[in-house]
Amino acid sequence: MTTLLALCGAAAMASSGPIAAAARRVGPRRADRLWVLLFVVGASLAAFAALLALASGGDELRAHAPFPVGEVALGLDALSALFLIAVAGLGAACACYGLAYYPAALHPDSAGRLRTAFGLASAGLAMVLLARHSLVFIAAWETMAVSSYFAVAAEDRDREVREAGFLYLVSTRVSSLCLIALFALHWAASGSLLLVPLGAGQIAPQIQSALFVLALLGFGLKAGLVPLHVWLPPAHSAAPTHVSALLSGVLIKSGIYGLVRITSLLPEPSPWWGEMVLALGVVSAVLGVAYALAQHDLKRLLAYHSVENIGIIAIGLGVALIARASAGLDTAALALAGALLHVVNHALFKGLLFLAAGAVIQRAHTRSLDALGGLGRSMPATALLFLLGAVAIVGLPPLNGFVSELLIYSSLLRMVASEDGASWISAALAAPALALTGGLALACFAKAFGTVFLGAPRHQSVSDGSDAPAAMRAPMVALALGCAFIGLAPFALAPALRNACEAVLGSALAPLAAPWRAISGVALASLALSAAGGAWLWLRLSRRPAPRTVTWDCGYAAPTQRMQYSAASFAQPLVRVFSSALLPREYGSAGVAPFPQRSAFHSEVVDAALDRIVLPSAHAVVRLAARLRVLQQGSVQQYLVYVWIAVIALLAVGGVGR
Amino acid sequence: MSAMDVLAALLVPVFFPPLLLGVIARTKALAAGRRGPPLLQPYFDLARLFRKGMVLSRTTSWVFLAGPVVGASTALLASLFVPLGAQGSLVSFPGDLIAFAYLLALGRFFTIAAALDTGSSFEGMGASREAAFSCLAEPAAFFALLVLVKLSGSTSLGAMLGPDLPQHWLHGGPSLALAVVALFIVLLAENSRIPFDDPATHLELTMIHEVMVLDHSGPALALVGFGAALKLFAYGLLLVRLATPFEVGGTVSGVGVALLELLALAALVGLVESVMARLHLLRVPSLLVGAALLGAFGVMLLVG
Amino acid sequence: MNETLGLVLVGVLLVNFLMLGTSRLNAAIRFAGLQGVLLGAALFVAHGQTNARVLLLALATVALKGIAIPAILLRAVRNVSIRREIEPIVGFTPSLVLGALATGLSLVFARSLPLQSEQVAPLIVPASFATVLTGFLVLTTRRKAITQVVGYLTLENGVFVFGLLLVEAIPFLVEFGVLLDLLVAVFVMGIIMNHIQREFSSLSTEHLTSLRE
Numbered sequence: 028m029t030t031l032l033a034l035c036g037a038a039a040m041a042s043s044g045p046i047a048a049a050a051r052r053v054g055p056r057r058a059d060r061l062w063v064l065l066f067v068v069g070a071s072l073a074a075f076a077a078l079l080a081l082a083s084g085g086d087e088l089r090a091h092a093p094f095p096v097g098e099v100a101l102g103l104d105a106l107s108a109l110f111l112i113a114v115a116g117l118g119a120a121c122a123c124y125g126l127a128y129y130p131a132a133l134h135p136d137s138a139g140r141l142r143t144a145f146g147l148a149s150a151g152l153a154m155v156l157l158a159r160h161s162l163v164f165i166a167a168w169e170t171m172a173v174s175s176y177f178a179v180a181a182e183d184r185d186r187e188v189r190e191a192g193f194l195y196l197v198s199t200r201v202s203s204l205c206l207i208a209l210f211a212l213h214w215a216a217s218g219s220l221l222l223v224p225l226g227a228g229q230i231a232p233q234i235q236s237a238l239f240v241l242a243l244l245g246f247g248l249k250a251g252l253v254p255l256h257v258w259l260p261p262a263h264s265a266a267p268t269h270v271s272a273l274l275s276g277v278l279i280k281s282g283i284y285g286l287v288r289i290t291s292l293l294p295e296p297s298p299w300w301g302e303m304v305l306a307l308g309v310v311s312a313v314l315g316v317a318y319a320l321a322q323h324d325l326k327r328l329l330a331y332h333s334v335e336n337i338g339i340i341a342i343g344l345g346v347a348l349i350a351r352a353s354a355g356l357d358t359a360a361l362a363l364a365g366a367l368l369h370v371v372n373h374a375l376f377k378g379l380l381f382l383a384a385g386a387v388i389q390r391a392h393t394r395s396l397d398a399l400g401g402l403g404r405s406m407p408a409t410a411l412l413f414l415l416g417a418v419a420i421v422g423l424p425p426l427n428g429f430v431s432e433l434l435i436y437s438s439l440l441r442m443v444a445s446e447d448g449a450s451w452i453s454a455a456l457a458a459p460a461l462a463l464t465g466g467l468a469l470a471c472f473a474k475a476f477g478t479v480f481l482g483a484p485r486h487q488s489v490s491d492g493s494d495a496p497a498a499m500r501a502p503m504v505a506l507a508l509g510c511a512f513i514g515l516a517p518f519a520l521a522p523a524l525r526n527a528c529e530a531v532l533g534s535a536l537a538p539l540a541a542p543w544r545a546i547s548g549v550a551l552a553s554l555a556l557s558a559a560g561g562a563w564l565w566l567r568l569s570r571r572p573a574p575r576t577v578t579w580d581c582g583y584a585a586p587t588q589r590m591q592y593s594a595a596s597f598a599q600p601l602v603r604v605f606s607s608a609l610l611p612r613e614y615g616s617a618g619v620a621p622f623p624q625r626s627a628f629h630s631e632v633v634d635a636a637l638d639r640i641v642l643p644s645a646h647a648v649v650r651l652a653a654r655l656r657v658l659q660q661g662s663v664q665q666y667l668v669y670v671w672i673a674v675i676a677l678l679a680v681g682g683v684g685r
Numbered sequence: 039m040s041a042m043d044v045l046a047a048l049l050v051p052v053f054f055p056p057l058l059l060g061v062i063a064r065t066k067a068l069a070a071g072r073r074g075p076p077l078l079q080p081y082f083d084l085a086r087l088f089r090k091g092m093v094l095s096r097t098t099s100w101v102f103l104a105g106p107v108v109g110a111s112t113a114l115l116a117s118l119f120v121p122l123g124a125q126g127s128l129v130s131f132p133g134d135l136i137a138f139a140y141l142l143a144l145g146r147f148f149t150i151a152a153a154l155d156t157g158s159s160f161e162g163m164g165a166s167r168e169a170a171f172s173c174l175a176e177p178a179a180f181f182a183l184l185v186l187v188k189l190s191g192s193t194s195l196g197a198m199l200g201p202d203l204p205q206h207w208l209h210g211g212p213s214l215a216l217a218v219v220a221l222f223i224v225l226l227a228e229n230s231r232i233p234f235d236d237p238a239t240h241l242e243l244t245m246i247h248e249v250m251v252l253d254h255s256g257p258a259l260a261l262v263g264f265g266a267a268l269k270l271f272a273y274g275l276l277l278v279r280l281a282t283p284f285e286v287g288g289t290v291s292g293v294g295v296a297l298l299e300l301l302a303l304a305a306l307v308g309l310v311e312s313v314m315a316r317l318h319l320l321r322v323p324s325l326l327v328g329a330a331l332l333g334a335f336g337v338m339l340l341v342g
Numbered sequence: 215m216n217e218t219l220g221l222v223l224v225g226v227l228l229v230n231f232l233m234l235g236t237s238r239l240n241a242a243i244r245f246a247g248l249q250g251v252l253l254g255a256a257l258f259v260a261h262g263q264t265n266a267r268v269l270l271l272a273l274a275t276v277a278l279k280g281i282a283i284p285a286i287l288l289r290a291v292r293n294v295s296i297r298r299e300i301e302p303i304v305g306f307t308p309s310l311v312l313g314a315l316a317t318g319l320s321l322v323f324a325r326s327l328p329l330q331s332e333q334v335a336p337l338i339v340p341a342s343f344a345t346v347l348t349g350f351l352v353l354t355t356r357r358k359a360i361t362q363v364v365g366y367l368t369l370e371n372g373v374f375v376f377g378l379l380l381v382e383a384i385p386f387l388v389e390f391g392v393l394l395d396l397l398v399a400v401f402v403m404g405i406i407m408n409h410i411q412r413e414f415s416s417l418s419t420e421h422l423t424s425l426r427e
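Protein chains in written order, with this note's numbering: chain A, 28 to 685; chain B, 39 to 342; chain C, 215 to 427.
Isolated chain A, as found in the complex (with noise of 0.2 Å):
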């Protein structure tokens, strides 16, 4: 019954973009409003679906189809149900954030193709999630990555956009054929297309390896983890913001959906295992924040942040894998916990963000943080949801990033306090690394919040303007609510998350030996004693109000507002610090003269791994290929004189034998 309800609504998800395109003459507005109310009501049945099945356990749906598929079986467990809410939910308020944002009015030639690509991306994760079927998983997963490159590339008249969208498709391709491989050695081990628990001593533990191996490079493709997040930075900044929210917040996701169920069909993961991805994780949490600190363009920091955040998730991931292999079943729920939790977090708090900064670059026209700036003043609702946001993503109380670190923080305490031997040690330095990552987020988002917001414009043009409209904030605000009861009532959640742990692990969990109560506990107490001072100071400049003065300027004539700490100034001693990992590049110098001259400075920090490993690799290729040219001079005559040989040599190895 919950299968069949989402199914329904991937369904309407799905045909939402048609049936708008559809409807075109009835006028733009009218055909945009259509699209949203289309998917608005796919996205709350398949919402409604999940709650019902984290409530009361699921179900599967079998159907029989022709050759060559055979038995085809969906279904709707708690681990994917968890997932689906945070597909519905984001999808649904992009999709109205689009209303204002990506109006078809003003972008007649590129709307309708975003529409239907944005519903069939959501359609075809939410299909993803239900699949129980390799290829109706492979189907759905080839839908979301194509319907998603055109989503990313709507604007395709920029050439930034283009390119970033040409390697956004390769990277798809590659990871479809890891996915392609897996499944295909899957069966052959196995026997069966059908995704299901593999019985102990099924397979062989080489061949068990290979699978988790090919998991881990098409999945973690699709997740971003370093160094296979080259194309997750142009991407995100190069798609219209409330699609760089989706593909942030739930589509990067799909990656780690697929490593969980995939490690979850396997029956003897082996130690190694969990190692690797928690190396993977914490080289990816660490590297991703350090390049979201020397980003200067809004959307990139906040895309290298997702690669961040898919870090700390697999940190987690990596935690419940090597607890499992060591049988330590409570370690492994709280970590795989904690993870899930984040994923449904991360969405939240992401997709807040990038609608906020939307919300920014439509009012400003610029996506540099250099010329930002004071915007708090004319956005202030903006400033706030993006402080929320901000707060959230860095993990502090008394929002939800705080309750989903703790788990995962306890998970490798507790590993690191009650392991023998010498297996506790990969704990003891990943909870360092995020202790550290943690550290570089709060100074990135204080980067990120001060320059945009607070302080004075450092150009005059965009201190004009008003705020978003009532269609942009109202989706902001609900996900900001969603992180606000995440992290002040975590212990909702609770039986929810137990339940998607049991799914994963196979056998019944105790609850999770998590302090919900004490979380809530410091979230109310911090806030309401913030609030209690607030209030107080409030009280006293009521009472005595403060005269406004200049800021102090230690006696200098004149400031201007270009004389602010800039956002790259800001970051420049921690990018110091990782510089031989960031590889900063500056042009120009300061003025050394007594009487300064014009000059210029710039710094970029350009993504290490793109520029020297995978360009120049694929410049490579192209080389090797160029000596082959010789073979293809274009004549067709040519062509069929190659197909004849081939057929000559058939028959004379093949015919004449006998």
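Computed, partial: chain C to chain A, Cβ under 8 Å:
1) Phe350
2) Leu353
3) Thr354
4) Thr423
Hint data in this document are derived by calculation from the structure and do not stem from the laboratory. In this text the structure is predicted, and so the values were computed from the model without any measurement. Each residue gets a CB set at the ideal place from its N, CA and C atoms; glycine is no exception.
Dock chains B and C against chain A, hints included.
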């Protein structure tokens, strides 16, 4: 915990911390051959500031005032996690050392945001340096605490620093000693003491923490000073509980001993500030990474 | 019956040589038409006396391959007003030699394949292979597009000869489908040749070799 313990745990963080600042100032003065200010001077300063009016900059918004408020309230909450005597801390749950660290991080976030709100390059500079140094100090603190987690097998500060601490010193003495040194360096870094920052400088370009709060005045500045004292109190209490594990029974004597140890720590900080010079700005990351390596080495010693 | 069929197939082989040797476009097209008529006759001779279906198929083959398709091609030639083929990549005399070699090889080769041509007529398989090879030779060595289309027709004729073995087993619809396919293909090629002529003012396909970057 008895009612007396609860009362002590609530009242001590509210009234005691400024005394630490007074002891540090007095120690530095005595070491320089001066008589120095009275020990209770910080209390007089806070009272004076609470009475004064405020002047605000035109560039600032509500975030500017949220900085001191959140800084002080989170420091107060964080200090409730560390046990004051032998009877455990007021708030204790598995994983509360993470809550301790992250509450202080919340305060730091709003302080940095308040500094950036003024639109001044000095405050931006201080905020940038503060963000960099505290980010590098986090792994050092974590490594030190990990030693304690491994030895005690628990993840709650109250249980880690509880009655079993002398036995942990017996088993893992060298590791705990390294952890103490690392935590001391982290304390100096987080509280903006020499060798990381000079709290007595008057040159804006050389300030880190001082310049971030340059534009505050009146009650807000009082909250800033109180918050700084609370942070020193929280970190100091953690350090002295770790370094001096001997037991003293009873509430009053337990709390009294802890407060005396804190005063001794404040004097030690003052002494360190008097004999050392401030470290070159580009060397500070190396020192913090060194502290992290000390902690890591302490963890490594526990293998096997 | 076998002797008549054998005679007809020998006629098909002779037409192959005629096709290889001529340089006049009209003649090449007419030879392809002649080959089509011979194929219809072969079909009739092989099975048609007893089977109405095969009779219908033979008449359709003659109509399409012998009359309709050559008519389309002759009209195309009239539109572009070209009379002769220029020297092909492999010259006319060497083409004839190669064609003879191909026929000889087919005769030798066909014996080593496990097919039941011995019962019906021993010439079907070799004739089929030889015609296919001839068509392929014309297709790959001639420069003008029309001659290449004629080579394609000869290729199809060779495949049709092979089908003589199986005409009882293949459904009616498939046979007609194949013929219809051929008709449509030639129609399209006629249009394309017109376009090539308009674009390049010549039908030489050497202009079509530049690959896009």
